[in-house]
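Undergrad: With the hints as your guide, set chain B onto chain A.
The chain contents come next:
2 protein chains.
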Amino acid sequence: METETAVGPDAYDELLDRYERYTSVQSAGGVLSWDQQVTMPEGGTPARTKQQSVLSSMGHELITDDRIGELLTELTERELADERAAVVREIRRTHERAASVPQDLVEDISETASEALTAWEEAKRADDFDQFAPYLETHVELKREYAAEIDPDRDPYAVLMEEYEPCLSLHRVESILESVRERLVPLIEEIRQSDTTLAVDSFDGEFPVDDQEQLARETLDILGFDWDRGRLDTSTHPFTSGNQFDTRITTRFDETDPLGALGSTIHEFGHAQYCLGLPQAEWGTPLGESRDLSVHESQSRLWENHVGRSRSFWEMFLPKMKEQFPGVEDVSVTDAYQAANQVYEDNLIRVEADELTYHLHVLVRFEIERDLVNGKLEAENVPKVWNDKCEQYLGIRPETDAKGCLQDIHWSHGNFGYFPTYTLGSVMAAQLYAAADRDIENLSSRLTDGDFNPLHEWLSTNVHQYGARFETNDLVKEATGEEFTADRFLEYVENKYSKLYDLWEGSSRGSPSVSITRQWGDFATQGETEIRPRCRWL
Amino acid sequence: METETAVGPDAYDELLDRYERYTSVQSAGGVLSWDQQVTMPEGGTPARTKQQSVLSSMGHELITDDRIGELLTELTERELADERAAVVREIRRTHERAASVPQDLVEDISETASEALTAWEEAKRADDFDQFAPYLETHVELKREYAAEIDPDRDPYAVLMEEYEPCLSLHRVESILESVRERLVPLIEEIRQSDTTLAVDSFDGEFPVDDQEQLARETLDILGFDWDRGRLDTSTHPFTSGNQFDTRITTRFDETDPLGALGSTIHEFGHAQYCLGLPQAEWGTPLGESRDLSVHESQSRLWENHVGRSRSFWEMFLPKMKEQFPGVEDVSVTDAYQAANQVYEDNLIRVEADELTYHLHVLVRFEIERDLVNGKLEAENVPKVWNDKCEQYLGIRPETDAKGCLQDIHWSHGNFGYFPTYTLGSVMAAQLYAAADRDIENLSSRLTDGDFNPLHEWLSTNVHQYGARFETNDLVKEATGEEFTADRFLEYVENKYSKLYDLWEGSSRGSPSVSITRQWGDFATQGETEIRPRCRWL
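Protein chains in written order, with the numbering used here: chain A, -6 to 531; chain B, -6 to 531.
Rather than coming from a laboratory, the hints here were simulated on the basis of the structure. Wrong hints could be hidden among the right ones.
Unchecked claim - In silico DMTMM-like cross-links for lysine to aspartate or glutamate, where the CA-CA straight-line distance does not exceed 25 Å:
{"id": "1", "chain 1": "B", "residue 1": "43", "chain 2": "A", "residue 2": "123"}
{"id": "2", "chain 1": "B", "residue 1": "43", "chain 2": "A", "residue 2": "221"}
{"id": "3", "chain 1": "A", "residue 1": "43", "chain 2": "B", "residue 2": "275"}
Said to hold, decoys possible - Listing some non-contacts, in silico: residues in chain B with all C-beta distances to chain A over 10 Å:
{"id": "4", "residue": "65"}
{"id": "5", "residue": "106"}
{"id": "6", "residue": "108"}
{"id": "7", "residue": "118"}
{"id": "8", "residue": "138"}
{"id": "9", "residue": "364"}
{"id": "10", "residue": "474"}
Unchecked claim - Covered stretches of chain B, going by a simulated chain A footprint (3 or more residues, C-beta under 8 Å):
{"id": "11", "region": "27 to 36"}
{"id": "12", "region": "215 to 223"}
{"id": "13", "region": "273 to 287"}
Think of the CB as a built atom: it goes at the ideal place given N, C-alpha and C, for glycine as much as any other residue.
Chain A on its own, in the form it takes in the complex (with noise of 0.2 Å):
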């Protein structure tokens, strides 16, 4: 091999002058995006329309030009650095995959999606399953397609799923997701068999949308956001879009539920603070983008569970609470952690389930979507197998498909893949929480003095600044010292939830076997993150 400094430095420039106008494409699109959900007034959806069809297809020819496959080709007969040597490992990535699937391919896909789309819509409104089936498996035989132009040796399943994990693998999926559901089923068990009783009642009343904002705003404030270089607005679903130079978070609000665009507000701070923690300089480049979905929820995540839920956080945003609703004055903060962290046993929606539960619906869909294209499962039997999980999972049976296995948007993208990425994403958020609580001296009274500078410095060291520079596993190794793994998490809840709901005596499980960490708030999702493509319109 040539050393570096044998490198025309042109091809490595070549390439990344390449990419930068890639993702100059791909980052304008981003915000026409924003701009349809937030800004943009009805009627513009046709010409919106145009305008991102051609901006996708443009990007589609930049990235997949033969002149990048040349110069990475080219690049492949170097010894480059290792920043670069990442840099050039990720633009190949990107560039294989676009190249790889034929672009006759991808339109069918987007045409099926959005066939698909108003069949589930229709299909959800009529509680139909049958309506939406034959869109369903046309996705699947499209997508399992799809797959094998990229890999036709592989698990198309494993495959499909890099589109959002570009480089865990399913074998780690798969060991973290059943961690996860052996630990979770039996907790949620003993929960339901519980005779604590959490204080859910402590928000209930009317908490005007206006001072809900104000809450929002002032909550941003206190966390730390940059309102130089970001924004709040109101959306139908909250999402989070931008780069690190300007990164906008929405949320909603209702009138009944100040603890929904609560949630969801700090959710989405965590997305923002990762966008806008990423280098400036490596804008346009592999080193300037976010790693990937699940490093992407595990910043979400952890700002909603690990301190929009935590005990310590509650102490010192409770005061702050009652002067914007003094309605909420005898709310003490027990009650207050209590009821932000509460179990639903009835709950049948994922969006709006508990910190614990909220997984095993995304294990239903795990198991369901990755059987559906490995061949094992056909599209009409999915509300029985749907149903099954669920009963087997939660204890409790959906009576209807619309409160069941249509209650999601992702099948009708023809999205398979996506939805691991929540847990992992919660999982990775306690791994590296527990790594921060390590590292930080007395975190959790950080967080009740209001002090979230150093963990903010800790996920902008750890996390943030590298960019895409790590693959997952090996990311989250250098920020806590150990492989990704379900154990941390595992440990963060049944410690909380035992707390919570005094399961230590006479539990089946015993006491656990680690010790308890001076950590225990958490969230549900209310609000979550929506459907984006990898990496970049978060």
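TA: Positioned in the frame of chain A, the structure of chain B alone reads:
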């Protein structure tokens, strides 16, 4: 010539496909530009600059593609139906102009503009024209080169003006502007000499911004703005941006000047109606694009001046204003009408000028920039010439360059040929309004009744629906039955201001030779539409 049936429909269709792609990229850039001025956090600039630069270069590549040249050549051989011929004519013009200028020169100009903008800001702050002069000189040189690339045999100023007025001859523009100057200079002098004082303090006081915004929204409701296809926001400089599916107005509010926001809202409403009136089925073709800046400005000025400053409008509107602002309870319709139509005798600033003196501000700039480009004037001599002309046309001499030749941003962008479009727009507005007044029964009482539909329909039928099908003069002729001249405008201002300032008796000009029309109103361009590329982002 072959007949159209013999045309490979493919050539025409391929041309349209390619042009639609170009339009999509351009209009995506327009959304990004709106966002930058209205919603983008300040820190977002670096990424936005990259996005815009890439979209701009992709747009350039698309429109200059050799294949478009080939298709145009192929289509030249065919006999096309009128509409198709117009489409080909317009695309050819855009293609040839873009293709004839080397990309290096475009980039040089863009770089100079960026440096010149900073220099202009600094020079204006320091009130020192010498700091800006070298940049102006460079701009003139580059723009002369630019014009020569397009056509070395024609007057370079005429060529540059075509950036904004692609199908008006310099000869016609000069003839219109000179007629305006010849009649307005003595008219303004007479007003200065007149003893009549108008009720200029009718709207003195404080008008809270929130209330003004509510009134602006109500005004748009009254005028018939389609909120499903539009928005109202605030920005530093009011502007309109959009297309037939989604058109957005901005305005700005000053607590002491409710007429300012009102005038700019109505002005931008006129621009918006033009955008929204373009045929939806023709989006992405020249038939779905506005004609040029003078026609666009004619629509804004028509609503701002001929409607918004008319006595008829104020009869309907004043009671609504009093509901929002009870403090103006005692203002009469005559007071309001006079306040909205006063002529400022000591104003040096174009954007704060009234309906009459405004055009002399434009003439000063037009004559200077034409001489600069034609090599008859050196940049360093601009301040003296500017001040002399102001004295000659307006009777006042600027004491500083900041309030003189450094007041406008346009020359820092290198936009020579833009200024005349403001006056052309007013002149055309008067000609169109006179024709509408002739065609619509009782137009002025319709305005008083708040019934704007006949006027909307007239404008839609005679202007909006055509897009860029007709060249400018033909469009005016189709709509009004006359060539585009200054006649109707001069009649209008002479009648209106002679009445307002009691100029009939003892006037050196005697009474006007034309009959007095029923129409009198008009406003100052307090918030002008910002500088934009031709025909797209208005």
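Undergrad: Work down the list of hints and note, for each, if the structure agrees.
TA: We went through each hint and held it up to the structure:
{"no.": "1", "hint": "B:43 <-> A:123", "result": "47 Å, violated"}
{"no.": "2", "hint": "B:43 <-> A:221", "result": "19 Å, holds"}
{"no.": "3", "hint": "A:43 <-> B:275", "result": "13 Å, holds"}
{"no.": "4", "hint": "65", "result": "21 Å, holds"}
{"no.": "5", "hint": "106", "result": "20 Å, holds"}
{"no.": "6", "hint": "108", "result": "22 Å, holds"}
{"no.": "7", "hint": "118", "result": "23 Å, holds"}
{"no.": "8", "hint": "138", "result": "27 Å, holds"}
{"no.": "9", "hint": "364", "result": "40 Å, holds"}
{"no.": "10", "hint": "474", "result": "34 Å, holds"}
{"no.": "11", "hint": "27 to 36", "result": "holds (count 6)"}
{"no.": "12", "hint": "215 to 223", "result": "holds (count 5)"}
{"no.": "13", "hint": "273 to 287", "result": "holds (count 3)"}
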